[in-house]
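With the sequences and hints as input, model every part of the structure.
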Amino acid sequence: MFYREAGQFKTSYQADAAIFPIRQDRVAIAAVLVIAYAVIPLAATPYIFSALLIPCLILALAALGLNILTGYAGQLSLGHAAFMAIGAFASYNFMLRVPGMPILLAFVCGGLCAAGIGILFGLPSLRIRGFYLAVATLAAQFFIVWCLAKVGWFSNYSSSGVITAQAIVILGYTFDTPTAKYLLVLTIVAVMALAAKNMARSNIGRQWMAVRDMDVAAEVIGIRLVYAKLLAFAVSSFYAGVAGALYAYAYLGTVEPEAYNLDLSFRILFMIIIGGVGTVLGSFLGSAFIVLLPIMLNFTMQFMEQTLHLSIPMSAASNLELMVFGGLIIFFLIVEPHGLARLWQIAKEKLRLWPFPH
Amino acid sequence: MRALKAALAGLALFTAASTVEAQTEQFIPILSYRVGPYAAGGSGYFGGAIDYFNLVNATGGINGVKLQWEECESEYTASRGVECYERLKKKNGGASVVEPLSTGIAYGLLDRVAQDKIPMTTFGYGSANAADGSVFPWVFPVGTSYWSQAAAMIAYLGQKEGGLDKLKGKKIVDLYHDSAFGKEPLPVFEAFAAKYGFELMKIAVAHPGNTQESQWLQIRQAKPDYVILWGWGVMNPTALKAAAKFGYPREKVLGVWWAGSDEDVIPAGDAAKGYVSAAFTAPGTAFPVMQDIAKKVYGAGKGNLEDKSRQGSIYHNRGVTYGIIAVEAIRKAQEKYGKGKVMTAEQVRWGLENLNLTEARLKELGAGGMFPPIKTSCADHEGSGMVRFQVWDGKSFKAVTPYMLGDKAMIRKMVEESAAKYAAEKKITPRDCSKEG
Chain A
1 MFYREAGQFK
11 TSYQADAAIF
21 PIRQDRVAIA
31 AVLVIAYAVI
41 PLAATPYIFS
51 ALLIPCLILA
61 LAALGLNILT
71 GYAGQLSLGH
81 AAFMAIGAFA
91 SYNFMLRVPG
101 MPILLAFVCG
111 GLCAAGIGIL
121 FGLPSLRIRG
131 FYLAVATLAA
141 QFFIVWCLAK
151 VGWFSNYSSS
161 GVITAQAIVI
171 LGYTFDTPTA
181 KYLLVLTIVA
191 VMALAAKNMA
201 RSNIGRQWMA
211 VRDMDVAAEV
221 IGIRLVYAKL
231 LAFAVSSFYA
241 GVAGALYAYA
251 YLGTVEPEAY
261 NLDLSFRILF
271 MIIIGGVGTV
281 LGSFLGSAFI
291 VLLPIMLNFT
301 MQFMEQTLHL
311 SIPMSAASNL
321 ELMVFGGLII
331 FFLIVEPHGL
341 ARLWQIAKEK
351 LRLWPFPH
Chain B
1 MRALKAALAG
11 LALFTAASTV
21 EAQTEQFIPI
31 LSYRVGPYAA
41 GGSGYFGGAI
51 DYFNLVNATG
61 GINGVKLQWE
71 ECESEYTASR
81 GVECYERLKK
91 KNGGASVVEP
101 LSTGIAYGLL
111 DRVAQDKIPM
121 TTFGYGSANA
131 ADGSVFPWVF
141 PVGTSYWSQA
151 AAMIAYLGQK
161 EGGLDKLKGK
171 KIVDLYHDSA
181 FGKEPLPVFE
191 AFAAKYGFEL
201 MKIAVAHPGN
211 TQESQWLQIR
221 QAKPDYVILW
231 GWGVMNPTAL
241 KAAAKFGYPR
251 EKVLGVWWAG
261 SDEDVIPAGD
271 AAKGYVSAAF
281 TAPGTAFPVM
291 QDIAKKVYGA
301 GKGNLEDKSR
311 QGSIYHNRGV
321 TYGIIAVEAI
331 RKAQEKYGKG
341 KVMTAEQVRW
351 GLENLNLTEA
361 RLKELGAGGM
371 FPPIKTSCAD
381 HEGSGMVRFQ
391 VWDGKSFKAV
401 TPYMLGDKAM
411 IRKMVEESAA
421 KYAAEKKITP
431 RDCSKEG
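Protein chains in written order, with the numbering used here: chain A, 1 to 358; chain B, 1 to 437.
There's no promise every hint is true.
Straight-line alpha carbon distances no greater than 30 Å define the calculated BS3-like cross-link-like pairs of lysine-lysine that follow [said to hold, decoys possible]:
no., chain 1, residue 1, chain 2, residue 2
1, B, Lys-426, A, Lys-181
2, A, Lys-150, B, Lys-336
3, A, Lys-181, B, Lys-91
4, A, Lys-150, B, Lys-273
5, B, Lys-160, B, Lys-375
6, A, Lys-150, B, Lys-202
7, A, Lys-181, B, Lys-90
8, A, Lys-181, A, Lys-197
9, A, Lys-150, B, Lys-435
10, B, Lys-241, B, Lys-223
11, B, Lys-427, A, Lys-181
12, B, Lys-421, A, Lys-181
13, A, Lys-150, B, Lys-223
14, B, Lys-408, B, Lys-252
15, B, Lys-252, B, Lys-273
16, B, Lys-427, A, Lys-150
17, B, Lys-296, B, Lys-252
18, B, Lys-339, A, Lys-150
19, A, Lys-150, B, Lys-117
20, B, Lys-339, B, Lys-117
21, B, Lys-413, A, Lys-150
22, B, Lys-117, B, Lys-398
23, B, Lys-252, A, Lys-150
24, A, Lys-150, B, Lys-168
25, B, Lys-252, B, Lys-160
26, A, Lys-150, B, Lys-195
27, A, Lys-181, B, Lys-117
28, B, Lys-171, A, Lys-150
29, B, Lys-339, B, Lys-160
30, B, Lys-252, B, Lys-295
Derived by calculation from the structure, the hints in this document are not laboratory data.
Set out below in structure tokens:
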């Protein structure tokens, strides 16, 4: 009843090609943005910003990058965290070595460096597919993190191999409070998500999907595989690079290469699998699921302990939390193998008919 | 008049009582990890700290101030650790001191603790340059850092050879975990190699280090006089087993303190016999404080370790030691800011910076010999730098040296240089320590 496009006529090509063709979608997106920009900064505590929202948004951006590569272009990658590391270390070095470097430009340069290395490690994708490609990207994961730890120049010869992010200053304003950092991250993520959404609908997005569905067929209809695949690697790594830089600058502050380990790569991969492969929304839902759910479970356990006056030993509580989390992942994958984004899709279909399903 | 006075006094008493009631307990957040690959260390360590806090509470608190703590599972990952810290830092009147026992989490908190003005200890890990308190006012690598440990190792090897000058021409292999942790001491070893004229061979082992055939083949060919094992986790028992397989005497393998816990040697079985490692605390339940914990905490059914036989293990005693240091810092702060009061985090920071745990004080605490005396200051947040060496006899670790010091002057110089570089990069103006009280 509420979600029905009846009566909304498209009278121009422009309206037909709009990013959100249905009015309710436009209203919903506007509402989400208003809440994110106006309501949350007024309502949330520093804890919510710096421990929940910032990491959630940054990892959503990283997941979005992987979704472009895996979800849209069909190339499996297990080295996504390594490209984040490149973004972080490159941004740090640009800020350190180029006098007067604006921080946003440093993020972009960090992303471009990651894109360059991404193309390099994307080359094997021209010959190999599927699991074999996953192994090749696994090599990227280990090689890059090893290299960043090995070569002292990357961390400015820090004795422990860590980098300490410089202050974020844009036009004389220092982003040092959790709220300011949140707004910065939100803006970058929103712009890049919009770009991703548009890319997916454009010529190149359609090429990626054609390659994903069957690359021989795509080649036959005139899509250049080299171009499409390498561009997917470049764009994906660019997103990862920016996310990695934000992870260092807006979230952790001081990071070692080990922070971008295989574990993080897997977490990002799980995010897109649970959130929904090949959707922009899925990256956000997946990130929220992986980042927030364990913390929610932790709070629930504590709440239950207090209200029911149980005294569960800490080790049992911690292990129970992991088990419940694992169980929920399996539950969601069984109920909806296409991810949380698909659940939203189904909900929309139902809303369209509600309350008269027949 | 008298009535007014009485009323005023009553009011004063009432307000005093109500403020005391508002916060009578000193809050310490505990960022523990009890799941995942490092759970054995985390549960022993944080169990030890909680056991000591329980002991303090059972014996009347710190001048009457009881301790309060809350655990949060950090899973040894930076993001969960940061979340735990953010969650707990404002709770129950505010955190007074934080100890993550994880390098990754400590780095994630480095900027945050300075901003929130909460002192952080990095007890036996973390970057060594934080010992320079003029640049890192909020970070305390109390006890010993990796650099001091590396210096003590060289001092120990010199002692074994009968003088540091005898190290000339010797060949020492540094078999290290290829990570920030493993790379940290390299500049120190290189400096000592140049100073004493021994040959340093650096061999890296990739994480996690469960195959080391090629590295030990290399070692067998090089025939070094000593092998320093700068390892972590599964890498340690693997190295010891590989040494046995390649016929390298374990007596000549010298481990870092994270390679010197029961969990590191027991999996290697007989291959670990005779192996020597560094340590910054002593194991065992013979110390009076450990006896008290067994009696008053475990006896009352409040012990934190699920496996009670782990009392007195390396990690448990490390945790108790951390508990002692945190409690003593609060006690020291109370001496300055008022006995029997709850200290703010800034006051605890002062306490950590002015710790003076002498041999006599340690005896009083029932921990004489459990860890070396510690005296911190504004310039020196490390306060000791002493390390002892222990040998594994197949059943337990036995001390082979008393607590000993390496070339502290040289380490101090390197710490200051490294801290100055950090300050320049971060544009920090170091505090003037001559003006600190």
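Consistency of the hints with the structure:
1. B:Lys-426 - A:Lys-181: Between Lys-426 of chain B and Lys-181 of chain A the Cα gap is close to 18 Å, so the pair holds against 30 Å.
2. A:Lys-150 - B:Lys-336: At roughly 47 Å apart (the allowed maximum being 30 Å), Lys-336 of chain B and Lys-150 of chain A break the hint.
3. A:Lys-181 - B:Lys-91: 23 Å, holds
4. A:Lys-150 - B:Lys-273: Not satisfied, since the Cα-Cα distance of roughly 33 Å exceeds 30 Å.
5. B:Lys-160 - B:Lys-375: Judged against 30 Å, a Cα distance of about 28 Å means the pair holds.
6. A:Lys-150 - B:Lys-202: Within the cut-off at roughly 12 Å; holds.
7. A:Lys-181 - B:Lys-90: Within the cut-off at roughly 20 Å; holds.
8. A:Lys-181 - A:Lys-197: Status holds; Cα separation ~24 Å.
9. A:Lys-150 - B:Lys-435: Violated, at roughly 40 Å.
10. B:Lys-241 - B:Lys-223: Cα-Cα ~17 Å, so holds.
11. B:Lys-427 - A:Lys-181: 20 Å, holds
12. B:Lys-421 - A:Lys-181: 26 Å, holds
13. A:Lys-150 - B:Lys-223: 26 Å, holds
14. B:Lys-408 - B:Lys-252: Roughly 24 Å separates the two Cα atoms, so the pair holds.
15. B:Lys-252 - B:Lys-273: 11 Å, holds
16. B:Lys-427 - A:Lys-150: Answer holds: Lys-427 of chain B to Lys-150 of chain A is near 26 Å, not above 30 Å.
17. B:Lys-296 - B:Lys-252: 42 Å, violated
18. B:Lys-339 - A:Lys-150: Violated, at about 50 Å.
19. A:Lys-150 - B:Lys-117: 34 Å, violated
20. B:Lys-339 - B:Lys-117: 22 Å, holds
21. B:Lys-413 - A:Lys-150: 24 Å, holds
22. B:Lys-117 - B:Lys-398: Measuring from Cα to Cα gives roughly 40 Å; hence the hint is violated.
23. B:Lys-252 - A:Lys-150: Holds: Lys-252 of chain B and Lys-150 of chain A sit about 27 Å apart, inside 30 Å.
24. A:Lys-150 - B:Lys-168: Given pair Lys-150 of chain A, Lys-168 of chain B holds - Cα atoms ~28 Å apart, limit 30 Å.
25. B:Lys-252 - B:Lys-160: 10 Å, holds
26. A:Lys-150 - B:Lys-195: 24 Å, holds
27. A:Lys-181 - B:Lys-117: 19 Å, holds
28. B:Lys-171 - A:Lys-150: Holds. Lys-171 of chain B to Lys-150 of chain A sits at ~23 Å (cutoff 30 Å).
29. B:Lys-339 - B:Lys-160: With a Cα-Cα distance of about 48 Å, the restraint between Lys-339 of chain B and Lys-160 of chain B is violated, given a limit of 30 Å.
30. B:Lys-252 - B:Lys-295: Violated, because 40 Å separates the two Cα atoms, which is more than 30 Å.
Checked against the numbered hints given earlier, this structure breaks hints 2, 4, 9, 17, 18, 19, 22, 29 and 30; the rest are met.
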